[in-house]
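Q: Keeping their order, the protein sequence lines are chains A and B. One point on numbering: in the UniProt record's numbering, the residue at position 188 of the first sequence is 188, and numbering is uninterrupted. One point on numbering: in the UniProt record's numbering, the residue at position 104 of the second sequence is 104, and numbering is uninterrupted.
Since the hints were made in silico from the structure, they are not lab data. Each statement offered as a hint is correct.
Over the 10 Å line for every Cβ pair with chain A, so calculated as not near, a few chain B residues:
id: 1; residue: S28
id: 2; residue: G103
id: 3; residue: I105
id: 4; residue: S111
id: 5; residue: I118
id: 6; residue: G123
id: 7; residue: G132
id: 8; residue: L206
Chain B stretches covered by chain A per the calculated footprint, using a threshold of three residues with CB under 8 Å from any CB of chain A:
id: 9; segment: 162–168
id: 10; segment: 211–217
Ideal placement from N, C-alpha and C gives every residue a C-beta, glycine not left out.
What follows is the residue order along each chain.
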Amino acid sequence: MERLTNRILPLAGLLLPLATIGLLAVLLADPFRARRSFLIEADTLAAVITFEGGTSHWDLGEAMLCRPLERIDLRAAPGSGPCDSRRFAGSVGPVALAWNDGATVAITDRGARGLTLRITGLAGLPDGSLVVLSHERLAELGALSFAGHLVLGRSALSGESGLLLSGSYEARERPLLSSQTETVKSGVLRSGDSVRILEDGESALTYGHLTLPEDPDQRGLHLVGVSAPGRTALEVSYFGGRAPNLIRPNWVDRALTSPLLIAGLFLISAGAGQIQLLIASVARLTGAKGIAGQQAARSPARPARRPRKKGRLRRWRQ
Amino acid sequence: MSAKGLPFFILLPFAALAQEVSPVALTSQPFDEIWRPAAEISGAVVVGFAAAAAPFAGESDLSVSAMIPGDWRGTDLCLRVTSADGRYESRNSYHVSEDWQGGAIPLPYPSPDPARLIDLPPGEVTAALWQGDCDGSSLEIALVRWRGGTEPLLMLNTSRADETFLLFTSHPDWPEVTCLPSAAAGRIAFDTVCPLPVGALEQPKLDVVVIPFRGGEMGREIALTLRGPAG
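Whenever a hint applies, use it, and build me the whole structure from the sequences.
A: Below, the structure is given as structure tokens:
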């Protein structure tokens with residue numbers, strides 16, 4: 001029995017740290033967190049959406065539709081409407097846009113002139129067509145939803161009117177062995193950032209909606225997007241940056257935010273304490289030497305420390 | 001005299017002669033170029049008119065040539081080379097000899113760090129060549145060939161126009177050119193690329209007008225003259 005206990009004790013001492021490291025790896029390592037969603041919410045003066053799947057449909061009601069002319073006519077008068085007559089033929093009427101796969105809309109807030117939607121790749125409408133929508137009309141419409149690839153804001157170069165104004169992001173992950181998602185990283189988006197969500201280096205599929213901001217005095221659009229789960233990252237470009245910043249959570253973010261990890265570590269430490277108590281009890285009952293006892297037995301006895309001589313100090317003080 | 005020194009003794013006068021007889025001579029001393037730590041934007045709309053070669057497809061050395069019109073003989077020229085991210089810029093003066101007949105000619109471009117320039121992708125560098133000094137600029141520009149490029153591109157800074165067109169005012173029957181957003185990573189010095197039809201450069205002078213649109217409204221039009229070699 002004593003021999004058996006002597007074998008179990010060091011083994012238990014090894015197993016506990018190994019179990020802790022294993023739990024940390026499972027909870028924190030990136031390969032176990034491959035499916036991650038990014039959520040972005042921002043007020044912006046411009047956004048570009050490239051639709052995917054052909055499931056988005058925007059019934060805009062009465063709006064101005066400007067179709068580009070075959071050729072620019074510099075001799076024509078500019079006209080008084082929102083679309084320049086030298087380039088566009090404008091008409092007011094009900095506008096319904098059934099976004100096919102690959103169609104792109106660039107939405108820009110033009111202040112008092114309303115919102116312009118510049119459309120390319122939409123079946124039945126020439127590339128470069130514009131829809132001009134008033135803020136009041138968008139307020140009546142409510143949310144316009146989309147499934148596609150989203151770019152929020154444009155880099156703050158001189159002359160740029162499509163800036164992101166403010167916003168925030170969250171990275172959400174579902175840990176292994178858990179059915180709940182955790183917000184592992186969050187932050188703010190600054191004015192002038194241009195933001196998109198990537199998956200394996202390509203633009204990620206994002207689901208979202210756009211509305212007017214809740215504050216009526218706030219300019220721009222309010223836009224919310226959530227990426228489909230995957231190996232995603234947030235790309236933030238800004239004027240002056242040599243390359244875009246890529247934001248993705250690392251193991252430190254997970255360690256700081258994971259309730260599962262905190263609970264797991266608590267359980268391990270509590271379990272470790274119980275096991276130690278159990279081992280000590282078993283060892284006492286069987287008369288086995290603990291690890292400390294074994295080490296003490298193996299190491300040669302140290303000579304007793306000689307008392308310190310105080311003569312020198314006394315002499316110096318004198 | 002040693003046998004090793006003989007070839008240099010013979011070749012040196014020829015090299016000097018070759019430099020002297022070149023019809024277009026670099027007059028800037030020293031060669032003026034700068035790699036900035038941060039971007040700088042001149043504010044000019046027309047940033048370059050150049051044909052740039054793709055990496056590995058063009059000439060391996062830093063060869064720069066230009067199509068200089070015959071009527072620019074006996075005058076000073078300025079060559080400005082700009083990178084899309086606004087960090088590289090060179091401005092150097094050249095003098096054209098009195099007997100210049102017009103055509104394509106290599107330009108001396110003694111950059112101290114040519115490898116760094118060769119590494120720039122083709123869409124991220126452009127050049128403009130005009131008659132006059134380098135303190136100003138001109139809207140009459142000649143084509144520059146950067147490392148043997150063949151596709152002439154007009155590079156513009158439209159201050160983020162939604163769309164930009166090029167109209168040939170001297171040839172109203174020619175179709176307008178739809179310019180494209182620059183694919184360069186840092187669209188700072190120029191943001192728009194207008195590909196020109198190859199036949200366009202057979203004209204001695206080509207009057208074009210740049211028309212930007214933003215939010216459905218036409219912006220300020222810019223008229224410029226592109227010079228062919230036959231002028």
